[in-house]
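A.B. asks: So the sequence lines, in the order shown, correspond to chains A and B. For the first sequence, numbering that gives the first Met the number 0 begins at 0 and goes up steadily by one. For the second sequence, numbering that gives the first Met the number 0 begins at 0 and goes up steadily by one.
Hints were generated in silico from the structure; no laboratory data involved. We put the CB at the ideal spot given by N, CA and C, even for glycine. Treat the hints with care, as some may be off.
[To be verified] Here are the computed distance ranges between Cβ atoms for each label pair:
(1) B:Phe-95 - A:Leu-82: 32 to 42 Å
(2) B:Arg-2 - A:Gly-54: 27 to 37 Å
(3) B:Ala-7 - A:Ala-286: 25 to 35 Å
(4) B:Arg-157 - A:Gly-16: 47 to 57 Å
(5) A:Thr-223 - B:Ala-149: 37 to 47 Å
(6) A:Gly-164 - B:Arg-87: 48 to 58 Å
(7) A:Asp-73 - B:Ala-7: 36 to 46 Å
(8) A:Leu-51 - B:Ala-138: 19 to 29 Å
(9) B:Arg-157 - A:Glu-76: 46 to 56 Å
[What the hints assert, rightly or not] Chain A stretches covered by chain B per the calculated footprint, using a threshold of three residues with CB under 8 Å from any CB of chain B:
(10) 140 to 150
(11) 260 to 273
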Amino acid sequence: MNRPRSSSPIIIPVVIGLSVLFLLISLAAQAPVSQGPLSFVLEPVQRVLSGLGRGIGEFFAPLGQPAASQSRIDELERQIAALAAENVRLREFQAEAQQLRALNKFAQDNPALDFVGADVVGIGTRNCDNRPVVGPNVGVCAQVIAGDPSPYVRFITINAGRLQGIETGMPVIGGGGVLIGRIGRNVSESSAQVQLLNDSASFINVQLVGSRATGTVAGQSDGTLRLQNVLQTEVVQEGDLIVTSGLGGGLPPGLTVGQVDKLVSKELETLKEAVVRPGADFRRMEAVFVLKFRPAS
Amino acid sequence: MRRHAFAAVIILLLAVLETSVLPVALGTLPRPNLVLIAASAWAALRGDEGFIWALGGGILLDLFSSVPFGTHTAGLIFGNVLAALLNRLPLPAEFFRVTNWVAVVTIVFHGVMLIVLTLAGRAFDPGRALTTAILPLLAINPVASLLAYALLAPMQRRLNELERFARS
Numbered sequence: 000m001n002r003p004r005s006s007s008p009i010i011i012p013v014v015i016g017l018s019v020l021f022l023l024i025s026l027a028a029q030a031p032v033s034q035g036p037l038s039f040v041l042e043p044v045q046r047v048l049s050g051l052g053r054g055i056g057e058f059f060a061p062l063g064q065p066a067a068s069q070s071r072i073d074e075l076e077r078q079i080a081a082l083a084a085e086n087v088r089l090r091e092f093q094a095e096a097q098q099l100r101a102l103n104k105f106a107q108d109n110p111a112l113d114f115v116g117a118d119v120v121g122i123g124t125r126n127c128d129n130r131p132v133v134g135p136n137v138g139v140c141a142q143v144i145a146g147d148p149s150p151y152v153r154f155i156t157i158n159a160g161r162l163q164g165i166e167t168g169m170p171v172i173g174g175g176g177v178l179i180g181r182i183g184r185n186v187s188e189s190s191a192q193v194q195l196l197n198d199s200a201s202f203i204n205v206q207l208v209g210s211r212a213t214g215t216v217a218g219q220s221d222g223t224l225r226l227q228n229v230l231q232t233e234v235v236q237e238g239d240l241i242v243t244s245g246l247g248g249g250l251p252p253g254l255t256v257g258q259v260d261k262l263v264s265k266e267l268e269t270l271k272e273a274v275v276r277p278g279a280d281f282r283r284m285e286a287v288f289v290l291k292f293r294p295a296s
Numbered sequence: 000m001r002r003h004a005f006a007a008v009i010i011l012l013l014a015v016l017e018t019s020v021l022p023v024a025l026g027t028l029p030r031p032n033l034v035l036i037a038a039s040a041w042a043a044l045r046g047d048e049g050f051i052w053a054l055g056g057g058i059l060l061d062l063f064s065s066v067p068f069g070t071h072t073a074g075l076i077f078g079n080v081l082a083a084l085l086n087r088l089p090l091p092a093e094f095f096r097v098t099n100w101v102a103v104v105t106i107v108f109h110g111v112m113l114i115v116l117t118l119a120g121r122a123f124d125p126g127r128a129l130t131t132a133i134l135p136l137l138a139i140n141p142v143a144s145l146l147a148y149a150l151l152a153p154m155q156r157r158l159n160e161l162e163r164f165a166r167s
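In isolation and in its complexed conformation, chain A is listed as follows (with noise of 0.2 Å):
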């Protein structure tokens, strides 16, 4: 039986110094590589198999279920989205009037003072961006075209990129009107990578609808979301909505996150934290929505 050969001397030694070399360079730039011109090669490939894929996903997924509930859960899971969607927006509105009212109170019992309305735009950031908040048509439709090879972290690529518009931060919206991720760092010419929610270095600024109550939702290593830092002295009960809170200018506020599912710290934290019941399902995206709203740096 014969034993691989060596034909070279110098060709182990040599990967070996370039594969180090790669990587010593990229943890001391924390600069991403992206691949540049070659996606206009890749896109059109990665968007066909991607296709083949969702195909071969499909057509085993009856195996798990029965074909003809399949296509009726379909439905019912468009239909909930589509009025969880809802229902965040009319919330959210009820809870904007609600604050607009008691500032119309205290306006009016304090007629002596004079006042200036303002939308709160950021807190502890020295400088805020009067850039365009977002508005109706302003974003990309993509497709979602390939998955991160790495099982440790959560992202997806979709086929848009620069030419489009697309810049690191965007937020990026998926079925149903949900926040499912931000645009990544590695941005080529037509094809960009998303940084998923539930991806561990995931952090956004959120509010919950009711009782306005402001935090942070991180993702964790096991591809849930956490909700955290929501002080002590604020009301979280489970099924309160959660939407991001625009604070730190990162995002605009308002967008739908997902619903307060378990609370899990306890009375003596300082901080509550719960665990967050995405309003996206991250498994099955196809298309997605950017919208081309700049983050304040």
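Given the structure of chain A, go ahead and fit chain B onto it with the hints provided.
C.D. replies: Structure of chain B alone, referenced to chain A:
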């Protein structure tokens, strides 16, 4: 030269399959590392040429990934180096060399990835990584490498014959 171009096309195709088809088709289930299997199987059969496949495949995976550039490349190269160093056991059949080789590379590949992600400041649960990725892939990758062996072994025998003919 022609076989190197052929190898480049195969590795590119496997990298695209690994990133575009498998994540969509399998969702969160453990996915076989196609590039790892092909490059390691070729390294087990052909020696140095497999290292070049590993270098090219690693670079492609790094371009498709959001982890620090070079992580996949380093994992594949270090894994193959260790597998080559451990390749001293007398084996009853050639395909055992390939399955063992792929198993060693799988462990090192994922170990390197977790180390680099830790250095890059990412939090992860080692127990979860072991049970949801490394252990399932330690079963999946060597089994899948049998298919790679079935495809690559005849190619290797043909190349050996051609080289013998050229020498004589």
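A.B. asks: With reference to the structure, classify each hint as holding or not holding.
C.D. replies: Each hint tested on the structure:
Distance hint check: the CB atoms of B:Phe-95 and A:Leu-82 are about 57 Å apart, inconsistent with the given range 32 to 42 Å. Under the hint 27 to 37 Å, the C-beta atoms of B:Arg-2 and A:Gly-54, about 32 Å apart, fit the expected range. For the pair B:Ala-7 and A:Ala-286, the beta carbons lie near 32 Å from each other, so the given range of 25 to 35 Å is met. The given range of 47 to 57 Å is broken by B:Arg-157 and A:Gly-16, whose C-beta atoms sit roughly 32 Å from each other.
For A:Thr-223 paired with B:Ala-149, a C-beta distance near 40 Å keeps the hint of 37 to 47 Å intact. Between A:Gly-164 and B:Arg-87 the beta carbons are some 57 Å apart, a value that agrees with the proposed interval 48 to 58 Å. Taken as a hint, the range 36 to 46 Å holds for the pair A:Asp-73 and B:Ala-7, whose Cβ atoms sit roughly 41 Å apart. The hinted range of 19 to 29 Å is satisfied by A:Leu-51 and B:Ala-138, whose Cβ atoms lie roughly 25 Å apart.
A beta carbon spacing of about 52 Å between B:Arg-157 and A:Glu-76 agrees with the range 46 to 56 Å that was offered as a hint. Coverage of the region 140 to 150 of chain A by chain B holds. Counting CB-CB distances below 8 Å, 8 residues qualify, and the rule asks for three or more. Counting residues of the region 260 to 273 of chain A whose CB falls under 8 Å from any CB of chain B gives 0; the rule of at least 3 is not met.
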